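2 protein chains.
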Amino acid sequence: MSEKYISKAVIGRLPRYYRYLGELLENDEERISSEELSKLMKVTASQIRQDFNNFGGFGQQGYGYNVKYLYGEIGKILGVEQKHNVILVGAGNLGSALAKYPSFPKRGFTISGIFDVNPDVIGKTLNGIMVRPMDEMEEFIVNNVIDIAAITVPRDEAQTLAEKIVNAGVKAIWNFSPVDLNVGDDVVVENVHMTDSLLKLSFNLAAMKSGKWDYRI
Amino acid sequence: MSEKYISKAVIGRLPRYYRYLGELLENDEERISSEELSKLMKVTASQIRQDFNNFGGFGQQGYGYNVKYLYGEIGKILGVEQKHNVILVGAGNLGSALAKYPSFPKRGFTISGIFDVNPDVIGKTLNGIMVRPMDEMEEFIVNNVIDIAAITVPRDEAQTLAEKIVNAGVKAIWNFSPVDLNVGDDVVVENVHMTDSLLKLSFNLAAMKSGKWDYRI
DNA sequence: TAGATTGTTAATCGATTAACAATC
DNA sequence: TAGATTGTTAATCGATTAACAATC
Chain A
1 MSEKYISKAV
11 IGRLPRYYRY
21 LGELLENDEE
31 RISSEELSKL
41 MKVTASQIRQ
51 DFNNFGGFGQ
61 QGYGYNVKYL
71 YGEIGKILGV
81 EQKHNVILVG
91 AGNLGSALAK
101 YPSFPKRGFT
111 ISGIFDVNPD
121 VIGKTLNGIM
131 VRPMDEMEEF
141 IVNNVIDIAA
151 ITVPRDEAQT
161 LAEKIVNAGV
171 KAIWNFSPVD
181 LNVGDDVVVE
191 NVHMTDSLLK
201 LSFNLAAMKS
211 GKWDYRI
Chain B
1 MSEKYISKAV
11 IGRLPRYYRY
21 LGELLENDEE
31 RISSEELSKL
41 MKVTASQIRQ
51 DFNNFGGFGQ
61 QGYGYNVKYL
71 YGEIGKILGV
81 EQKHNVILVG
91 AGNLGSALAK
101 YPSFPKRGFT
111 ISGIFDVNPD
121 VIGKTLNGIM
131 VRPMDEMEEF
141 IVNNVIDIAA
151 ITVPRDEAQT
161 LAEKIVNAGV
171 KAIWNFSPVD
181 LNVGDDVVVE
191 NVHMTDSLLK
201 LSFNLAAMKS
211 GKWDYRI
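Residue numbers (the UniProt record's numbering), protein chains in the order written: chain A, 1 to 217; chain B, 1 to 217.
If you're looking for bench data, these hints aren't it; they were derived computationally from the structure. Take the hints with a grain of salt, since some may be wrong.
Unchecked claim - Below, simulated BS3-like cross-link-like pairs (lysine-lysine); rule was C-alpha separation at most 27 Å, straight line: (1) A:Lys-42 / B:Lys-68; (2) B:Lys-106 / B:Lys-8; (3) B:Lys-209 / B:Lys-171; (4) B:Lys-106 / B:Lys-76; (5) A:Lys-42 / B:Lys-4; (6) B:Lys-83 / A:Lys-209; (7) A:Lys-124 / B:Lys-100; (8) B:Lys-4 / B:Lys-68; (9) B:Lys-124 / B:Lys-164; (10) A:Lys-164 / A:Lys-100; (11) B:Lys-39 / A:Lys-164; (12) A:Lys-100 / B:Lys-100; (13) A:Lys-83 / B:Lys-209; (14) B:Lys-39 / B:Lys-76; (15) A:Lys-164 / A:Lys-83; (16) A:Lys-4 / A:Lys-68; (17) A:Lys-124 / B:Lys-124; (18) A:Lys-39 / B:Lys-164; (19) A:Lys-8 / B:Lys-209.
Claimed, not checked - If we take Cβ atoms under 7 Å as the criterion, some of the chain A residues that face chain B in the derived model are: (20) Ala-97; (21) Ser-103; (22) Met-130; (23) Trp-174; (24) Glu-190; (25) Asp-214.
Quick caveat: nothing in here was measured; it's all calculated off a predicted structure. By construction, the Cβ of each residue, glycine as well, lies at the ideal position given by its N, Cα and C atoms.
The whole structure should be built from the sequences, with the hints applied where relevant.
So this is what it looks like as structure tokens:
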């Protein structure tokens with residue numbers, strides 16, 4: 001296997017590059033050097049060049065990087081070129097917010113199914129998509145081509161549902177439940193643990209105020 | 001300054017420890033060794049001991065760690081002992097979801113104000129809290145003791161509002177807008193960039209399917 | 001006391017930064 | 001061609017893991 005190893009650190013930075021390049025593109029910037037981008041993003045130019053060169057050379061000596069081209073290449077790497085079918089598992093407050101979030105369709109992520117156990121929401125529509133009973137989820141996954149399942153159910157239901165989702169053939173889970181899901185290693189999981197995030201903020205605030213810990217990078 | 005330096009990596013792991021210890025406590029576990037916890041959390045026992053010892057010795061040789069005590073100590077470190085007053089800046093889909101999220105009050109984070117520019121939502125209530133006009137935000141911050149502002153407004157409004165929030169005296173921003181906020185270094189910012197998170201998932205899915213990159217830890 | 005397990009030092013590993021030759 | 005800036009190797013820095021002495 002001759003696959004190039006890409007570290008978690010690099011992967012974590014790619015969406016941020018994509019975001020900044022998208023903004024530069026909006027502002028009709030044609031080219032940018034690693035030095036200029038480094039000032040904008042507050043990282044080192046060296047890191048930018050190292051990061052990009054994990055995927056091959058996108059720049060040109062003496063010129064820098066063509067913004068449009070670089071944006072496109074990083075988009076390809078991130079899989080934004082392909083369309084993705086997403087289901088929402090859980091139509092509570094967070095699920096509803098995701099259903100209406102405009103950035104996802106813009107990036108090619110289409111919500112094609114929403115599922116919940118609550119009879120009060122089943123049959124209602126969220127952003128034009130009908131909420132179906134949770135029982136029908138597996139059949140729906142099998143009959144449609146679902147790439148990603150976003151899980152927004154309560155903690156204790158998440159693992160069981162994740163197993164059903166995986167058994168039905170989904171290979172990517174976007175997990176908003178405050179648990180670490182246990183799935184096979186042919187399935188990728190990305191967690192959004194909002195409470196963890198809030199506690200990190202709380203730590204940093206307490207650390208700053210107390211002066212007890214030096215916590216910055 | 002004799003403050004102990006705590007790395008970002010360690011801070012990032014604290015909420016996860018807190019979560020696991022909370023679950024152990026729910027299950028009436030009295031003690032746990034770093035070895036047992038390491039199996040549960042899928043990290044090394046060595047890392048657990050190193051992490052805890054950043055803050056002083058919480059364990060006892062030959063015994064391990066007392067779950068209740070350790071949970072309490074990490075809670076203190078994370079600032080969960082104190083009550084926090086939070087305002088929501090932006091009452092759109094995500095803001096509404098946050099207003100109704102039950103985990104936050106449970107951890108001592110009280111939403112005491114919600115602000116929006118949209119006349120359609122101003123005056124309405126979210127989870128019993130009235131949505132106020134954005135104009136009133138700064139006065140509200142000054143008159144109340146606000147610890148944290150959660151920003152869920154569109155990208156282009158985030159920086160301007162962040163400045164107003166900071167000028168009014170808030171020292172912690174929980175940022176859900178897809179931009180990096182520019183604030184002084186006496187203000188802490190924690191980002192929840194959901195699109196970035198989705199793109200990471202998309203990358204990992206594409207990498208796994210294509211076999212082009214070896215991307216796991 | 002003997003066994004278990006922490007706290008902590010030392011060794012290893014990986015990621016970031018610096019430097020510079022290659023080249024547009 | 002000369003100047004600019006990349007791509008890439010080497011040096012540094014930081015984080016993780018291993019090992020073990022301290023001690024409950």
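How the hints compare with the structure:
1. Proximity of A:Lys-42 to B:Lys-68 is assessed by CA-CA distance (about 41 Å); at most 27 Å being required, the pair is judged violated.
2. A distance of roughly 25 Å separates the Cα atoms of B:Lys-106 and B:Lys-8; the hinted pair therefore holds under the 27 Å criterion.
3. Distance check on the hinted pair: B:Lys-209 and B:Lys-171 sit about 43 Å apart at the alpha-carbon level, beyond 27 Å; violated.
4. Pair hint B:Lys-106 plus B:Lys-76 holds up; C-alpha atoms about 15 Å apart against a cutoff of 27 Å.
5. Of the supplied pair hints, the one linking A:Lys-42 and B:Lys-4 holds, its CA atoms being roughly 25 Å apart against a limit of 27 Å.
6. Between B:Lys-83 and A:Lys-209 the alpha-carbon distance is near 14 Å, which keeps this suggested pair within the 27 Å criterion.
7. The hinted pair formed by A:Lys-124 and B:Lys-100 meets the criterion: a straight-line CA distance of about 20 Å does not exceed 27 Å.
8. For the suggested pair B:Lys-4 and B:Lys-68, the alpha carbons sit about 25 Å apart, so the restraint of at most 27 Å is met.
9. For the suggested pair B:Lys-124 and B:Lys-164, the alpha carbons sit about 24 Å apart, so the restraint of at most 27 Å is met.
10. Restraint check for A:Lys-164 and A:Lys-100: satisfied, since their Cα atoms lie roughly 25 Å apart, inside the 27 Å limit.
11. Only pairs whose Cα atoms come within 27 Å are accepted, and B:Lys-39 paired with A:Lys-164 is accepted, the gap being roughly 25 Å.
12. At roughly 17 Å between alpha-carbon atoms, A:Lys-100 and B:Lys-100 fall within 27 Å of each other, so this suggested pair holds.
13. For the proposed pair A:Lys-83 and B:Lys-209, the alpha carbon gap of about 14 Å is at most 27 Å, so the pair holds.
14. Of the supplied pair hints, the one linking B:Lys-39 and B:Lys-76 holds, its CA atoms being roughly 25 Å apart against a limit of 27 Å.
15. For the suggested pair A:Lys-164 and A:Lys-83, the alpha carbons sit about 23 Å apart, so the restraint of at most 27 Å is met.
16. About 25 Å separates the Cα atoms of A:Lys-4 and A:Lys-68, which keeps this hinted pair within 27 Å; it holds.
17. Restraint check for A:Lys-124 and B:Lys-124: satisfied, since their Cα atoms lie roughly 22 Å apart, inside the 27 Å limit.
18. Taking the CA atoms of A:Lys-39 and B:Lys-164, the gap is about 25 Å. The hint holds against a cut of 27 Å.
19. Distance restraint check for A:Lys-8 and B:Lys-209: the Cα-Cα separation of roughly 17 Å lies within the 27 Å cut-off, and the hinted pair is therefore satisfied.
20. For A:Ala-97, the suggested interface contact is upheld, since its CB lies about 4 Å from the closest CB of chain B, less than 7 Å.
21. For A:Ser-103, the interface hint holds, the least distance from its beta-carbon to any beta-carbon of chain B being 5 Å, beneath 7 Å.
22. Because the beta carbon of A:Met-130 sits about 18 Å from the nearest beta carbon in chain B, more than 7 Å, this interface hint is broken.
23. Below 7 Å, beta-carbon pairs count as interface contacts, and A:Trp-174 has one with chain B at about 5 Å; its hint therefore holds.
24. Checking A:Glu-190 against chain B by beta carbon gives a least distance of about 4 Å; that is within 7 Å, so the hint holds.
25. Among the interface hints, the one on A:Asp-214 holds; its C-beta lies about 4 Å from the nearest C-beta in chain B, closer than the 7 Å criterion.
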